[in-house]
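> Sequence:
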Amino acid sequence: MKTQKFKVLVIGAGAAGLDVAARMTKHVLAAEIAIIEPAEYHYYQPLWTLVGGGDATKEQSHRSMSSLMPAGVKWIKERASELMPDENAVMTESGSRLEYDYLVLVPGLKIDFEAIKGLKEALENDPRVSTNYDFNLCEKTFEGVKNIKKGVAIFTHPSTPIKCGGAPQKIMYLAEHYWQKNGSRNDIEVCGYFAPGTIFGVPAYADALDKIVEKRDIHMHYRMDLIEVRHETGEAIFQNLDNPDHQEIVKYDFMHVTPKMFPPDFVANSPLAHQEGPSKGWCNVDINTLQSVNYPNVFALGDVAALPTSKTGAAIRKQAVVAEKNLVSQMGGTKPSEQYDGYTSCPLVTGYGRLIMAEFGYDNKLMPSFPLDPTKERWSMYMIKKHGLPILYWNFMLKGKA
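Residue numbers (the working numbering): 1 to 402.
Read the hints as simulated data drawn from the structure, not as lab findings.
Please read all numbers here as calculations on a predicted model, not as lab measurements.
Watch out, some of these pointers could steer you wrong.
[What the hints assert, rightly or not] Heads up, simulated DSS-like pairs for lysine-lysine below, C-alpha to C-alpha not over 30 Å straight-line: (1) K280 x K117; (2) K365 x K401; (3) K376 x K211; (4) K385 x K181; (5) K325 x K163; (6) K163 x K311; (7) K7 x K311; (8) K385 x K311; (9) K325 x K335; (10) K26 x K7; (11) K376 x K318; (12) K215 x K181; (13) K2 x K26; (14) K311 x K26; (15) K386 x K110; (16) K318 x K77; (17) K5 x K401; (18) K163 x K318; (19) K215 x K386; (20) K215 x K146; (21) K163 x K110; (22) K215 x K163; (23) K335 x K311; (24) K318 x K74; (25) K386 x K311; (26) K163 x K401; (27) K110 x K365; (28) K311 x K110; (29) K325 x K280; (30) K318 x K399; (31) K58 x K376.
[Stated by the list, open to error] Computed spacing ranges between beta-carbons, pair by pair: (32) G333 x P127: 57 to 67 Å; (33) E40 x H387: 23 to 33 Å; (34) E232 x T57: 27 to 37 Å.
Note that CB positions come from ideal geometry on N, CA and C, so glycine has one too.
Use the sequences and the hints to build the structure in full.
Here is the structure:
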């Protein structure tokens with residue numbers, strides 16, 4: 001069995017992993033930092049909403065992982081399979097043992113296309129069914145949007161935690177706007193089937209979005225969880241979460257599905273995860289310091305962490321600063337004191353050239369970055385999402401400079 005030892009071991013080279021690893025090279029020799037990441041490409045996933053709406057190309061959303069790795073950091077092209085925090089070690093699928101002084105756990109989450117019966121087959125075989133949560137499928141979404149001329153268009157939001165909580169409705173607004181512009185809107189019934197009980201978790205933004213769906217005659221159905229897709233007959237089966245014995249069968253002519261998402265198995269099955277309760281399986285950290293509750297030399301952030309805020313790239317940008325400072329404090333023998341306030345941002349695309357920049361923190365506190373009413377749709381914010389945020393991401397955030 002091959003064993004390697006590092007001062008700082010980072011699991012995952014998504015937004016959080018690359019950001020924190022780049023930051024830590026200021027404090028630790030790069031050669032003492034390793035990143036476990038099997039993927040050859042890194043994706044700027046927020047762009048996939050615009051790809052699904054025909055306002056961007058998927059090629060703009062990815063770069064080679066090798067071009068983004070911090071200089072001098074060891075890249076281990078493997079997949080983590082077991083966490084052993086009592087031994088300060090991680091096992092990989094190939095059987096390698098990686099030991100560490102400090103662990104940064106940032107593997108993201110697992111998108112499970114098989115958790116909804118028939119979804120995988122529908123995505124493969126039915127041109128009417130797609131999702132923006134996959135690099136290879138987001139273009140298919142726009143094909144489906146263009147192809148429907150009449151009937152029922154469904155947009156779903158699952159019962160599990162998801163990354164970018166606003167994404168299931170962003171594509172709904174873009175598609176509805178597209179149908180308005182091409183003259184087919186009057187022949188298409190636009191429906192949202194959402195497992196949550198409200199359109200958005202923050203009341204101030206929910207009020208604004210409620211007005212938008214009412215004005216645009218979008219029919220919202222809450223507490224409805226997609227459990228099966230029958231693509232041969234064009235049927236979606238929803239479970240009523242308030243009455244689990246009741247199922248509703250809805251015929252569709254187009255459907256955008258947000259798949260169910262879960263913590264990676266190797267995290268959920270480890271001592272680092274919550275063992276019970278609503279956060280079961282997600283990494284158990286102090287929500288302010290991002291330090292593991294039970295293992296002080298472990299920090300977790302990003303999608304894998306059990307934090308009561310929305311899982312977004314904007315959240316990671318703020319979390320990375322906190323993780324860096326607190327990890328350095330822990331290394332120096334002082335108690336981590338930097339506090340993450342739950343800041344996150346969901347740039348809620350409400351149509352072409354329209355966007356509500358929803359910024360908030362813990363306890364749904366509004367945290368706008370601009371001296372404007374944050375609940376209003378703005379062209380300027382759409383431009384920031386389409387053009388500004390990708391520059392910030394690629395050129396600054398992934399280099400630990402945002």
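> Taking only the CA atoms, is the gap from K110 to K365 under or equal to 30 Å?
Roughly 28 Å separates the two Cα atoms, so the pair holds.
> For K280 and K117, compute the direct alpha-carbon distance and say whether it is at most 30 Å.
holds, 23 Å
> Assess, step by step, whether the Cα of K325 is no farther than 30 Å from the Cα of K335, and give holds or violated.
holds, 11 Å
> Next pair to validate is K325 with K163; report whether the Cα-Cα distance is within 30 Å.
holds, 25 Å
> Given the hinted pair K386 and K311, is their alpha-carbon gap at most 30 Å?
At roughly 19 Å apart (the allowed maximum being 30 Å), K311 and K386 satisfy the hint.
> Is the Cα-Cα distance between K385 and K181 30 Å or less?
holds, 22 Å
> May I ask you to test the hint 23 to 33 Å on the CB atoms belonging to E40 and H387?
Holds, since E40 and H387 (Cβ atoms, about 27 Å apart) stay within the stated range.
> Checking one constraint from the list: CA of K26 to CA of K7, max 30 Å. Satisfied?
Cα-Cα ~14 Å, so holds.
> Is the Cα-Cα distance between K335 and K311 30 Å or less?
With a Cα-Cα distance of about 26 Å, the restraint between K335 and K311 holds, given a limit of 30 Å.
> Decide if the proposed pair is consistent with the structure: K163 and K311, CA atoms, cutoff 30 Å inclusive.
This hinted pair holds, its Cα atoms lying about 5 Å apart.
> Sort out whether K77 lies within 30 Å of K318, counting only the CA atoms.
holds, 27 Å
> Are K215 and K163 close enough, with their CA atoms no more than 30 Å apart?
holds, 27 Å
Hint compliance for this structure: no hint is broken.
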